[in-house]
Amino acid sequence: MTATLFNAGKNRVEFLSVGTRIVGNLYCPDNFDSGKTYPAVVVGGPLATVKEQAAGVFAEKLSKQGFLVLAFDYRTFGESDGELRCYENPSDKTEDIQNAVSFLATLENVDSSKIAALGICASASYVTGALIGDKRIQAFATVSGYFNLQEFVTFNPMVTEETRAYLFKLSNDARQKYFETGVSDRSDVLYAPFDGTAEVQFMKDVYDYYFTRVESCWPNFSRELTLFSIEQLAKSNALDYAKYITTPYLGIVGENAPTRTQTEQFLEVKSQGVAEFKELKGACHIQAYDLDKYVDQAVGSIAEFFNNQLNVKTI
Numbered sequence: 581m582t583a584t585l586f587n588a589g590k591n592r593v594e595f596l597s598v599g600t601r602i603v604g605n606l607y608c609p610d611n612f613d614s615g616k617t618y619p620a621v622v623v624g625g626p627l628a629t630v631k632e633q634a635a636g637v638f639a640e641k642l643s644k645q646g647f648l649v650l651a652f653d654y655r656t657f658g659e660s661d662g663e664l665r666c667y668e669n670p671s672d673k674t675e676d677i678q679n680a681v682s683f684l685a686t687l688e689n690v691d692s693s694k695i696a697a698l699g700i701c702a703s704a705s706y707v708t709g710a711l712i713g714d715k716r717i718q719a720f721a722t723v724s725g726y727f728n729l730q731e732f733v734t735f736n737p738m739v740t741e742e743t744r745a746y747l748f749k750l751s752n753d754a755r756q757k758y759f760e761t762g763v764s765d766r767s768d769v770l771y772a773p774f775d776g777t778a779e780v781q782f783m784k785d786v787y788d789y790y791f792t793r794v795e796s797c798w799p800n801f802s803r804e805l806t807l808f809s810i811e812q813l814a815k816s817n818a819l820d821y822a823k824y825i826t827t828p829y830l831g832i833v834g835e836n837a838p839t840r841t842q843t844e845q846f847l848e849v850k851s852q853g854v855a856e857f858k859e860l861k862g863a864c865h866i867q868a869y870d871l872d873k874y875v876d877q878a879v880g881s882i883a884e885f886f887n888n889q890l891n892v893k894t895i
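Going by this note's numbering, the first residue of the sequence shown is number 581, and it counts up by one from there.
The reader is advised that the hints may include incorrect statements.
[What the hints assert, rightly or not] Once the Cα atoms are required to be at most 20 Å apart in a straight line, the calculated SDA-like pairs of lysine to any residue come out as:
no., residue 1, residue 2
1, Lys-749, Val-739
2, Lys-858, Asp-876
3, Lys-641, Ala-588
4, Lys-757, Ala-745
5, Lys-815, Arg-744
6, Lys-715, Tyr-618
Treat the hints as calculated values from the structure; they're not laboratory data. In this text the structure is predicted, and so the values were computed from the model without any measurement.
Turn these sequences into a full structure, and let the hints guide you.
What follows is the structure in structure tokens.
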């Protein structure tokens, strides 16, 4: 076990994931006692984001419910090391989650038999990938979960066939260029030419989150992705193995989120173990990331669920 002096609130931490330095923030309860052990939660945020965004919002609020909570930058993002920068690779991110669990298990203040995971948006898929073989995670929850990333890039109805063909051509050309020159081309995270005038409310919210709010809210965030990330996403569908997941699960969605069907499909396929569902009335997909009135509802449900599944005694 590692003896490290932590304080109540946010603590900067570092650990290695297959040799790559990962930077995170470990949030401790307001009444943190260095002589005690606590249940712990690792949080993975939405696609292409950094630890200060949705992951950090949920981590801080969950810590106030009595958990030690780790939000971290996946490799190649934010303050973490790794090349190529801003490379959305599901298998790498899944491994980073597992190594985040390994890190938590080394801490004196963590009860390693009581570790849970929270996946927000795309990290729902990455956490599910970890659960296939990693039984140290005793419970998990998702918020605005997006499990089928393959669908997102290969037959997303919000993207035309012409645009999709164009994107894959860009991706393939970028991969060839990187192979020949070592230079990696990046593109805006949305790839397609969306802007704030999109007719679909979901895309308006996405544009606002990834483009409008960036500089003022999250200085470590880059709204770019390595172009051939799309090829990796096209291979990732956590619904394919949901039926093998036995870990207790809570799925939380916005009432008005077009992506809620992802969680509903996961619940249909997950045939083993505890499975619960919560709807955030009035919320859309992105609004569940950091609007207090929705996050507070979600955090309350997550804390109750984790306490029950981890057999945590509460006063």
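Going through the hints against the structure:
1. Lys-749 - Val-739: Given pair Lys-749, Val-739 holds - Cα atoms ~15 Å apart, limit 20 Å.
2. Lys-858 - Asp-876: Holds. Lys-858 to Asp-876 sits at ~13 Å (cutoff 20 Å).
3. Lys-641 - Ala-588: holds (13 Å)
4. Lys-757 - Ala-745: Holds - the C-alpha atoms of Ala-745 and Lys-757 are around 18 Å apart, at most 20 Å.
5. Lys-815 - Arg-744: Holds, at roughly 15 Å.
6. Lys-715 - Tyr-618: holds (19 Å)
Of the numbered hints stated above, none is contradicted by the structure.
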